[in-house]
Amino acid sequence: MMKRRDFLRYSAKGVAGLALPISAIEIVSPGEIFADRESGTRWVFLVDTYKCTGCGLCVKACKLENEVPYEANVTRTWVERYVMTKEGKVWADTPKGARDGFTTNKIDLGEGRFQDVKNEEIQKAFFVPKLCNQCEYPPCVQVCPVGATYQAADGVVLVDRQWCIGCGYCIMACPYGVRFFHPVYKVAEKCNFCYHRINKGLKPACVQACPFGARMIGNIKDPNDPVSKVIRTGRVGVIKDEYGTMPQVYYLGLSREVV
Amino acid sequence: MKSHVLRPLYVAILVLAVALIVRQRLVPEGFGAHERGYMYGWHNMNDEQFWKKFPVKYKSSDYCKECHDDKHSSIMRTPHGVIQCENCHGPALDHPNEPPRLPIDRGRAQCLRCHYPLPYPTSGRQNIKSVDPEEHNPGAECSTCHDPHNPNLEGMK
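From first to last, the protein sequence lines stand for chains H and A.
Residues in the first sequence are numbered consecutively from 4, following this note's numbering.
Residues in the second sequence are numbered consecutively from 969, following this note's numbering.
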């Protein structure tokens, strides 16, 4: 029979012993990490939804640039169409990720069903390009059990194709649904701001392909960067802020209906 | 202590040693928990090189201009000057070496990406002139009558 005094003593020791390894992990605080990362590059993206026309040339360029099979219904970036009627209905679609643009006013509901919305019924309608948010706290990186997906020092989240086991945890963890399985390599695939291009001083394929300047990339740590200036001084929004992932794709002209 | 008691211990140590050696061999150099710790930093540092070396396919209109200056300067005087050459001609890759000729997307669908009538307020689309493809010469290639490099109606073929 254990005395109460002993029970309390052992409990205290046990808790202290368990807390020790946890405190060892917590020694490096996020603040210190950000202090180290003050200089250099942190890639961010800016989307001006007012300028987007839904042509889908960005999606076409992305798929060809990044060798994502053209006919497979997966894509690193896509464009969503939102149509709100005067009756208060919200319709949204992105047929084939808008690879071929939007060449009908019918909303694609999937499974071969379409919703006809007359132009005179429309209250509000616009296009929203989507891509990886390169979150400051990426949930996809947290959940990867093998360390195959990671964040580079410049903020871009990459997938190690040699190391990915294809478990799909990251695909489920991403609140934005930007991840998918690459149909050829059978590993997780995602937008990486065209890492090969931005590291050569080029713009991402989607940014270059956009005829209207709706997509922009910049370095938030560069005070003279025009995109950085808009994000720091302008009114910009992010998608699903409440998830605490600190997404780094900023939007001009975001609406409540956009998810 | 008797040896039959220690023997399983030796086996356990041997198994552990083999496991550690195998791990040492299999785990690539550069793999580990880096500055952001296990939660965000556990990865192979060298994999960034794979993505940095990924081949560039879209070379931009400035690349095209180096040889096709005439085409480039003529389209730049028109509203279609905002469209990159490669959006219709396909990625340049290593053209003119490989491929020696680039395929041109002349289909109606290519033009309708922008010119299908979707007068959506607060989207850039409402400012673009459009035609109803079911009424405007259905089936015909747009470039039969219109010059994509000079889309103004005065530039009609």
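Derived by calculation from the structure, the hints in this document are not laboratory data.
From a predicted model like this one, the values you see are computed outputs, not experimental measurements.
Please note: incorrect hints may appear among the correct ones.
When the alpha-carbon atoms are kept at most 27 Å apart in a straight line, the in silico DSS-like pairs for lysine-lysine are as follows [to be verified]: (1) A:K1020 with A:K1033; (2) H:K206 with A:K1020; (3) H:K203 with A:K1027; (4) H:K206 with A:K1027; (5) H:K127 with A:K1025; (6) H:K224 with A:K1020; (7) A:K1097 with H:K189.
Cβ pair distances, simulated, as ranges [unchecked claim]: (8) H:V149 with A:A1108: 53 to 61 Å; (9) A:V1050 with H:K127: 24 to 32 Å; (10) A:M1124 with H:T88: 36 to 44 Å; (11) H:P186 with A:V995: 55 to 63 Å; (12) A:K1033 with H:R259: 42 to 50 Å.
Here a beta-carbon is modelled for each residue, glycine too, at the ideal position from N, C-alpha and C.
Here is what the structure says about each hint:
As the CA atoms of A:K1020 and A:K1033 are separated by approximately 26 Å, the hinted pair is consistent with the 27 Å bound. A threshold of 27 Å between alpha carbons decides the hint, and for H:K206 with A:K1020 the separation of about 14 Å falls inside it, so the pair holds. Annotation: proposed proximity of H:K203 to A:K1027 holds, straight-line Cα distance about 12 Å (limit 27 Å). For the suggested pair H:K206 and A:K1027, the alpha carbons sit about 10 Å apart, so the restraint of at most 27 Å is met.
Under the criterion of a C-alpha separation no larger than 27 Å, the hint pairing H:K127 with A:K1025 is inconsistent with the structure, at around 37 Å. About 21 Å separates the Cα atoms of H:K224 and A:K1020, which keeps this hinted pair within 27 Å; it holds. Proposed proximity of A:K1097 and H:K189 is contradicted: the alpha carbons are some 43 Å apart, above 27 Å. Under the hint 53 to 61 Å, the C-beta atoms of H:V149 and A:A1108, about 55 Å apart, fit the expected range.
Against the hinted window of 24 to 32 Å, the Cβ-Cβ separation of A:V1050 and H:K127 comes to about 26 Å, which satisfies the hint. Checked against the given bound of 36 to 44 Å, the beta carbons of A:M1124 and H:T88, roughly 38 Å apart, stay inside it. Restraint check, H:P186 to A:V995: a C-beta distance of roughly 29 Å breaks the suggested window 55 to 63 Å. In this structure the hint that A:K1033 and H:R259 lie 42 to 50 Å apart at CB holds, the actual value being about 43 Å.
Going down the numbered hints, you'll see the structure goes against 5, 7 and 11, while the others check out.
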